[in-house]
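**Q** Next come the chains, spelled out residue by residue.
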Amino acid sequence: MAVALPMAGVKEDVWIPTACDMCYNGCTVQVHRVDGVAVKVEGIPGVGPNYGMTCAKGLSALMNVYSPNRVQAPMVRTNPAKGIGVDPGWKEVSWDEALDLFAVKLKAAMDKDPRSILTHTFDRYTYAVAKAFSTAVGSPNVTMGSAGIFCGNGTHPVAFTLTASNEIHDDLKYCNHLLMFGASAGFVGGHNAMGYSVEMQDARQRGMKLTVVDPVLNYAASHADEWIPIRPGTDGAFALAMMREWVIVQDSYDKTFLKLHTNATYLVGADGRYARHATSNKPLVAIAATGAILPYDEAPSDEAALEGTFTVDGVEVTPAFVPFKAHLEPYTAQFASKITSIPAATITRVAHEVLEAASIGQTIQLEGDTYPLRGAAISWYRGISAHRHAMATGQLMGQLNMLLGAVDVPGGVLNSSSMGPTWRPNLDPDGFIYPGNPLAGHMKPALPRRKVSAPETLELQELFPVSVYARAMLWLGLLEGEKFGLPYKCEVLVQCRGNVMQTSGDPETMAKAFQTIGFIVSINTFPDETAQWADLLLPDMHSLERLTPLVGNPNNFTNSASVEESGTWNFQQPIVKVVEKARNWGEVLFDVAERAGILPDMNSAVNAACHITGEYQLRRDQKYTWEDFADRWTKSTVGGEHGLDYFREHGYLKEDKRLAKYAYPMIHHGGRIPLYLEHFLDAGVAVKEYTDSRGIEWDTSDYAAVMDYQPCTTEKQAPAQFDMWLVNQKLPFMAGTYSAENPLLMDLAKRNSKVFNIGINRATALKKGIADGDEMWIETPAGKKVKGLARLTEGIHPECVSAPGMFGRTSAGNKDAVGRGVHFNNLVAFTLDHMDPVSAALDSCVKIKVSKA
Amino acid sequence: MTRWGMALDLERCVGCYACSMACKTENGTPDGVWYSPVYEKEVGTYPNTKRMFIPTLCMHCEDAPCLNACPTKAITKRTDGIVLVDQTKCCGTRACVAACPYGAMNYVHEVQGAFGGELIQLEKQSFKSTAGTVQKCTFCSHRIDAGKFEPACVEVCPTKARIFGDLEDPGSEISRVIRSRNGSPARPEAGTGPSVYYLR
Amino acid sequence: MSSVVNPFTGRWIMEPKTQNVWGNQHATWFTLMGIGGGLFINRLLFGIELGRFWGMTWADIISLALIGVGGLILIADLGKPLRVLRALLNPRTSWISIGAIADFTFMGLAGLWTLADLNFGGGGLNLTGLPWHGDGTLGLIFQVIAALAAIVVIAYPGLVLASSPSIPFWNSTLIPMQFLVNGFASGLACGLIYAAIVPSDVSGDVLTGWLSLTTGLLVLSVFLQIAHVLNGQYTHVAAKVAVRRLLSGNLQVAYLGGVVLAGLVIPLALIAYALSDSAGSNAAMAAGIAGVLILAGNWLSKHTVIRAGTYASLF
Ligand SMILES: Nc1nc2c(c(=O)[nH]1)N[C@H]1C(S)=C(S)[C@@H](COP(=O)(O)OP(=O)(O)OC[C@H]3O[C@@H](n4cnc5c(=O)[nH]c(N)nc54)[C@H](O)[C@@H]3O)O[C@H]1N2
Ligand SMILES: Nc1nc2c(c(=O)[nH]1)N[C@H]1C(S)=C(S)[C@@H](COP(=O)(O)OP(=O)(O)OC[C@H]3O[C@@H](n4cnc5c(=O)[nH]c(N)nc54)[C@H](O)[C@@H]3O)O[C@H]1N2
Ligand code: SF4
Ligand code: SF4
Ligand code: SF4
Ligand code: SF4
Ligand code: SF4
Ligand SMILES: [Mo]
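Protein chains in written order, with this note's numbering: chain H, 30 to 882; chain G, 100 to 299; chain P, 53 to 367.
Source of the hints: derived by calculation from the structure; they are not laboratory data. Any given hint might turn out to be false.
For lysine-lysine, the following BS3-like pairs were computed, each having C-alpha atoms within a straight-line distance of at most 30 Å [said to hold, decoys possible]: (1) Lys683(H) to Lys160(H); (2) Lys223(G) to Lys132(P); (3) Lys367(H) to Lys149(G); (4) Lys311(H) to Lys683(H).
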């Protein structure tokens, strides 16, 4: 069913397959077009990753496409003054003029210092082209900035560490008790929102128990078997107390898993470092029965000692598990209870329930292999991630799974794509897995650790040797780069699809960072807060207007990870032609590269960034049409017979069912995962050395081999009268700021009492003299104050107040969205001391005081 | 005889509004009209709190108060139990809106588009509303009549909280699930004999 | 009026919802039809003519005018007023249909009968020769049918409300009973006002009769109000919500102050005064004021009962 673009006056009635782009999940959908007008979006029955389901956002996509509020034409700013709420004084120009201006600015910056060009996008699909563009101009600065400030900072590094892929999914097909911390996965949120929701309900019907730990009765907790309200930022204490219960009190955990698949048996000395073999430098283990000391890969792993004291070269050493276990000692349930506000009895009960459900020792026979079968898993996302100690807490979550032996085995947490027909994890010299999947995407693997050096990048990535990115640092890098030894400033920002002004730090700080940038090009569909800062505003195509190859990709996290499913490739094709002057932003990058005289470099860089090989490679000396490029990229990635023509006809390509050995590779890849984070120690030393050398105060205490609980910064700093926390969560029918452009989604938001009101615990409110529907103030220690209507609820921790979503808009195409709701990010302190110095997460812990207005 | 019905599983519904939106785009309803709202209800006291999500739609009542209240005979019940409004006959008394115990009926004073002002092309093409009359869920009778078995709201539900089928057929999935889960209508005391059952 | 009327779909929270389907225009036509019907029947039964104009009784003229205007308000309120005749199609189950038929019947028969009284300019325009003139057989048939229609006209708005299983506070025959009692009392109230304005036309005995009748109806009304409130309080949570709004919520002033105090208690007191002092000239004045208050109370009672309507929550 090859489709042509609609033509006026032609009678037609067609369904056209494509991929949804109303959030970051890329579901496969089909669009009904009647007489040239797209009238409906639907799923394609049975087709993944969404199993034919489509959410409210996807279903309403046409209202974004056909919105009269779209950016219609290229425009230049006439008002040189920039600021929040300052009218840019847009003046329409032709594409020719626009591209010339763009190229001139680009060349000037390249001449001065190419590193000063920053490309930013949260377009997961065209990102590779943006990366190539950045390479071609000669800059290391390409980023998905907005998706890294409150996103997966404490999730991806752990996912990489555990599974050598950037995301983990709980195996809902086998899990019997899922303990979920701070997330809404499976409730039309989280990654693979639709597919995962289908699996979640099936699992719950099957009898899987769901326990949700969250300050808010969020969408997941609403239906959970148990909701455990927790004080924000304290999950680490909970996790440590659970581990203590298993390891010290019960002495019950998956010892076999630890011996076979982790470094728990690696011997470490008093300095915390591995004892290494004199010549091979391999970490050593001790054989329990004989006391023999052998390199880890020469010993029978199941015979290696988890406990005990040994000597290597006259130095006393112990298995890494010993210090790991010792450091759990202080974390009694009583201690954790004081920190988390969860009753100690609840903590121990949950620890027991999860342990019991894990059924350590049980196995399952799949496709001829015997796998461990684990009935319990621990999952987590943004609620753990968006914190000062995101890395530490994330690692603790990983360790919970490790102690249960529930990583990459049936019923546990699973890699999204670490093993496949042509790739498997690589092993570093210490035996740890790291990604071997060439299509793994836009993050740096967290292992092996990288070298620390003077910053080259605006994000100061060089100071985050075990993180996957340092995106949130970008804006502080722009402001304070010099302090860190960054030798240049940002001259040109090319930004597309990411409303950082609203979704990152507080607008005032963001504004200061934006002020430092010489020239801003925003390629956008809507005049959002970020577009207001542009010097040049270019109209991008909407997903239903453009051709985008390789949207859904079986090798990334939007597919189901479990064994029974197969991955799906899909793409986007032009279905409507609405905004006359809109252009595909990827194509615009090629055009600008040509005008700036760097097309040959761009073509080469595209081959590299998109992994285009062999006959499909772009030649340096040729200008390709976007279609031609897309076809080559597709064929090179999916295989020659599956080029654009294939996708035009079929819309998607389902891969074969995922084999057990790929879904559950732990027993196959032969690699290990670190329970004891030895590599953090030297990483921390290196960071310390560099920051000390520049006289920068930089907390490296989280670069420890064993993770401790530490309170977040606000908890330590805020005066006593700031006795409450502000918390934020996503909504199943809203994604980012984009959905506020959609009047149908806004209508739903207005009908939902939780969205624009401030949720406050009923008992707390009564104590503070606040009644349902009253106006109330929220005030931060930094003196920021916002007002909203109180919604009294039993569904929130008594010390918390909830302001969901990303509202409180100051600029949007849809004027109805402006000024509605609370802009959570505006109340977060965006300063170095609120950032996780290890994962570069911004702490979303906000202490506040509330009062009746 | 067929009697179409729906079972709504309150254990499964997660309140995502996909059904509400699918219905809206399938049936081309004007600004502010939702045939299938999903209500919320908080139950319990902290910390033993749950939130129920309650999807609704026209219950296609056996003894429909809307139909009874209507002076113009604009509301009819088909032999398969589907209650429909004929907008060409309705004179706009709103008696049905007042009579319906389930809030299923919508009176549209003025057909407005989502962006205010003029309707956009999509709306011109898909809206099927006459100002001054009422409209409501049709059980997607147009889909059933065209042989597309499932209503739009059923098809999209990611948690399979909606089951559609023939209530008269004891072997149908819906009949079985209503039996096994002891399904019952909302507000049975209203005595309208709904075709929509809730599974709790 | 907001563009979409559906009381359930403001905020999607499962709770009893205030109805927003009927409003003051309905309270007004309900009241006008009630007074009109009451006036016609009272003229027939008790001879409350309110004077004559071109031979016709003012009572009949006003009655026709009120029901006519009420009908026009009703029609103007329809979404599709031009389709009003379709409203006659479903008398089997729809009270609105029955009511509409009664409206037309009343307007037709009462109109014709009244017209037959027309005697203008001493023979210039004289219709008294029409066969149904006066209280002859045909005339009586006309009047009785019109009066029966008038009873329906008074009661059917109440029956529309009472037949709603959706709104428990309305779902009670006490409402049409109230409408009937209020209708008759209002008809009498017109007489009381007339007696205050043209005392010479109403003899003391007649006035006393009217006052006694009114007293009876008002007392009945008091009982009906109490019964309705108690019934609401103890039958259904949504009805209880309605009762709370009447007694202590946003309708408290209109209900307790308006309907109960100004519409029932004070008129009863004034009438008691008038009865005790039937000879005094203040008596007629007091009765007249009572009449005005009764009319206002009638409207307010419709206004409050409509506004208090609360849909039961589904769960
Ligand atoms: N519908 C929808 N789906 C989406 C997206 C979207 O915008 N809309 N975005 C996608 C993206 S980019 C991402 S990254 C994922 C994110 O997916 P999730 O991580 O599942 O995101 P949230 O729903 O925000 O969940 C965060 C939860 O953490 C809780 N929380 C806050 N602080 C704490 C804390 O200190 N401890 C604990 N235990 N909980 C805490 C919040 O109350 C909230 O319920 O969702 C993806 N899916
Ligand atoms: N308060 C709060 N803040 C958060 C989060 C949160 O849950 N709460 N979540 C955080 C997370 S996890 C993430 S990933 C980030 C996401 O942050 P962002 O990526 O900034 O998310 P959006 O607000 O959706 O911004 C997308 C922008 O792209 C534009 N856009 C959409 N489609 C197109 C298109 O086809 N072409 C072009 N050119 N532009 C398009 C939209 O107009 C919109 O301005 O936000 C983070 N910030
Ligand atoms: S989950 Fe995201 S990609 Fe999937 S249908 Fe919804 S908006 Fe579209
Ligand atoms: S689509 Fe299903 S889960 Fe979502 S709100 Fe509707 S019934 Fe509930
Ligand atoms: S639910 Fe309401 S609209 Fe639907 S048939 Fe019953 S009374 Fe009529
Ligand atoms: S609004 Fe229309 S359909 Fe409803 S009762 Fe009145 S005439 Fe009938
Ligand atoms: S059955 Fe059809 S019309 Fe009724 S709510 Fe579902 S989608 Fe809407
Ligand atoms: Mo994210």
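**Q** Report the numbers of all earlier hints that the structure fails to satisfy, in ascending order.
**A** Hint 4 alone not satisfied by this model.
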